[in-house]
Amino acid sequence: MSLPAFIAALDLLAADAPARIGAAVDLEAWTEVRNALVGRQSGRLTDIMAGLGALAKEDRREAGQRANSVKVAIEEALAHRHAELAAAAPKSGSSFDLSMPARGRWKGAVHPVSLVIDEVIEIFRELGFTIALGPEAEHAWYNFGALNFPDDHPAMDLHDTLYLGDGQVLRTHTSPVQVRTLQQYPPPVRVLAPGNVYRRDFFDPSHAPMFAQIEGLVVDEGVSFADLKATLSHFARRFFGSTTQTRFRPSYFPFTEPSAEMDVQCGVCSGSGCSVCKQSGWIEILGAGMVHPAVLEAAGLDSERFTGWAFGMGPARTAISRHGIPDIRILYDADVRFLDQFTR
Amino acid sequence: MNLSHEWLARFVPHGRDAAAVRHLITAHVATVEGFERLRADLSSFVVARVVESEKIPDTKLSWNKVDDGSGTVLEVVCGAPNVTVGATYPFARAGTMMPAGFTIEKKKIRGFTSNGMLCSARELGLGEEHDGILALETSAAPGTALLDVLPLGDVRLTVDVLPNRPDLLSHLGVAREISALTGTALQRPAELTALASVGVVPVRGEDRVQVAGLSVRIDDVGDCPQYGAAIVTGLTVGPSPDWLRACVEAVGGRSINNIVDATNYLLHGFGQPMHAFDATKIGGGTIVVRRGRAGETLVTLDGTERRLDATMLVIADATAPIALAGVIGGRASEVTSATTTVVLEVALFAPGVVRATRRRAGLSTDASYRFERGIDPAAVAEQLALGAALLAHLGGGRVDALLHAGAAPSARATVRVRPARVALVLGETIGGDEILRLLESLGFACAPGADGAFDVTPPSWRHDVTREVDLIEEVARLRGFDRLPDVLKGVRPGTVPDHPLFATYRRVRDALVAEGLHEVRPLPFTSGHPAGAAAAELVRVMNPLADDEPFLRRSVLDTLARRAEFNLNRMQGDVRLFEVGTTFVARGTALPLEAQHVGLLVMGARRPVHFSEAQPPAFDAWDAKALASTLATAAFPGAEITLVPAATPVLWQVRAGEIVVGEVRQLTLDAPVWAKPAFGVELVLGEVSSTPIAAPGHHAHGTVTSRSRADAPVRYRALPVTPAAEFDLALLVPDAVAASQVEEVLRSVSGPQLERCELFDEFRGAGVPVGTRSLAWRLTFRHPERTLREKEIEGRRTLLLKTLEAQLGVRPRTA
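Chains as they are written, first to last, in my numbering: chain A, 1 to 344; chain B, 1 to 815.
Looking at chain A on its own, in the form it has when it is part of the complex:
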């Protein structure tokens, strides 16, 4: 090391030491600052002084004098600050109250609807499902035509649609991902497609113009309705508890045949009927069915060789009943007092 470098290091220390000492807000901080500046183990002055021996002999005297004057100035400032802090410190002294709270850190949270989606995905992942995604602004053919919706038919009334242009819609369900996936990848296909879907439904306590949906699709040779039932019942037992009872009711979706809806026995009344299940004893969980041959054909598959099943569920409904949320709009507001209830 050269003398100029040695002196530059001293100057730098002398320049910022007063501000550091002044910034010590209590005796504890003062001790830290002192150790950092002039501590014997790792103080900056000690580090600089260690370089004294490496200087040329004729420079050592000047270097030593400079170092000493810096040291004296720093120690004076430290003593002055110590006196100030000691005067301000409570008389009880140095005892350390361990019952006082830890330094806080904000806790983040995953949205309650995402939590449901996560759980659903986790269960189906164990069964070999992978994740497929598709666009929200969609061709009407993928949203309706390929899914066997008859043109200008009352079945369309079940999907009040937001249109973007001629033949362009905001998808009304995640089912278009079925067709996209089947066109892109050959069977066997086992996918889940979570995503947002849109309906021309005005915001009210139980309806929203956009909501999350999770689609499931299995296509292979020899896939049957019994597989659908077994897989979805397994899911229900994993999701709601190992003793969960399920029932399958006939339903109608243009893109599945046979079509069914799966209910689980109401957890509040155990099936005897209550206000939660509207006296029916059952809670509707999802719609499902065997993939309609017309859908397989729309995706260019041989509907005689391949069969499949699919389901769709709305995680928001599950989140609402699980957490006792009275109004679906709360899920969209992003009120931090609500979100903070889901910190982990």
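Honestly, the hints are just simulated from the structure, not real lab data. Idealized CB from N, CA, C, for every residue including glycine. None of the hints are false.
Cross-link-like lysine-lysine pairs, in silico, DSBU-like; alpha carbons within 30 angstroms at most:
hint	chain 1	residue 1	chain 2	residue 2
1	A	Lys57	A	Lys71
2	B	Lys65	B	Lys108
3	A	Lys107	B	Lys625
4	B	Lys106	B	Lys55
5	A	Lys71	B	Lys791
6	B	Lys60	B	Lys108
7	B	Lys625	B	Lys676
8	B	Lys107	B	Lys55
9	B	Lys676	A	Lys107
10	B	Lys802	A	Lys57
11	B	Lys55	B	Lys65
12	B	Lys791	A	Lys57
13	B	Lys65	B	Lys107
14	B	Lys65	B	Lys106
15	B	Lys55	B	Lys108
If you want the footprint, here are the derived chain B segments under chain A, 3+ residues with CB under 8 angstroms:
hint	segment
16	467-475
17	692-699
Dock chain B against the given chain A, drawing on the hints supplied.
Same frame as chain A, but now just chain B:
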């Protein structure tokens, strides 16, 4: 669709109670969503047991102790002679409203307290029996609801009939299903068995038919394949008999008069919409089924004047429209109390034109609902005769003429069903004879075909059955979905790789939750004024929900800013939000460019209050820069993340490698004065393609290459075994020079032995010339194999200072 339990039982005497029917229909046919006892006025009555009874002297009264299940034995005074200790009776507690309209109150009678009333049949509105209170033959515990032990009165079942099953939109239709499920034969309801035959032979024709007093012409049999009409004369319009009134009210309707009620009865009973015209109001005795004409108007039964056009089908007389075909009648030709002659219309209108007509009119009716979905085309003629006979019977008139224009429906194509395919689709082998039995029970005609298959002709009312899989569904639901096996099988793994954006979402979400941020899922609609958005790039929803938010957002930060303002309005100033969501940019007439973005917004305290500091500091730009770096590292693992200073309002551009992936900015919010500054970060995670994968009916298998890992694995570097050498550089940096410029020089000049380079101080003030600031870096050097010599270090230091001075005008700071 509302159904009367009693009415159903008259079609199919199944002998089951309403609750059992509810479960049967839900399990096999369609979901019963509503279950309403029409004697709900008895819902608060309970079963009570008399435990003690003694006569009150000199009266007909008795003083009784009654157990009503409440836990307290009640004292009740009763005037009936038949009170028996141990027996159970209907009991009205104090406060109960009686069917007659008065409320039972606690009162003193002859000095005895009475806490309620034991009831007779008449008091409950269950008949005229009033000789004594109604003894119940039940073992139900006291306190049980009376309606549970004594199913009284009718039950209204509300069935959710989906668009594929219009045949279920009548009592007959649901009765067919119950008949098939229970093996009970269908029958004609008792109220119709006494009807006389009309005694008139219908006059038939194709598109034109004429009888004395009425001619019918169909302009286009595509719109109206069949039009039947009956002339019924000598009618007296008046109130309906009790049975008819009960039917109409049981399904939720209101009794109007015998003629109108009869048409409603047949609609709900058999699913055939009908309309009765006052015959004298049909101008020229002529009915024309034709399209409406521009300029024409019609005042319909609901009193609304409607403009007509050529998309609508109307029933017209010689001069003007008198009804909207299949939707609603006209006011001018309405049946009134003065009507004596009626023309009863029983027709089949095409679903499409009825749908168009009712949409244009903005009016859906019981009739249009059924025509739109499809009625039974083979039943029109029979329903015409039945309707005419019922009108004549109820109104005391006679049927003068029947006419029927149009052709009989063409025969249905057969559908082949193979038992092997049934087994494949359902996962269980079902015998051919069982398949046959199930289908035939619902009216499917089955003929044996080759290889054990059946050629099945669906009944005329089942428009939904056109393919083999439709028949398989019939088999499955009639047997019951619950009877199918429920065993998980082994499966082959799928060919579809995870979508990479899903993994990205999970990574950025985990990183931001760990930083203390809240995930949100707001609506993506905006007012269309996000910062700097060009109008042509905004995607507009053609039929938006709200006129003030007709656009889809281009930026997630735009949405988050509105959510932050929502919180400020609720006095919440500490806001830390993020969203992974979709953004849209218009591309002319093509689908918008759709991308997955992540946005985050922080505002307010950097950490919770703690006793160690008076007030936690607020989030500043440096926090936002750190969050952006954390976020980008999570989003683009393996890429070198740099934050490049940018022009306001953007603070930094975020780059992953050479690609600009997003930005950090201070946000301008509509905020109260107490709010702290808000900072936002938005990154583009990736595009979501909406390009069609393949043409309809085709696939593109084999064209997609499998995705490989994007980021290179970390390479191991040998752990240091030599000592490091370090020194500090305190520099006077002119204000025009950025710290990053200095650092770039430090790094490039230092060479590969530079291990760390850390800015550890910034200072302005005493000793630092105006127009400059003092910045100090600590540099650490290490040679992998040997100790660095003092000379080498000194040489680097000298070179660094020389280069800095030459390139940037930066000089060392001296005391």
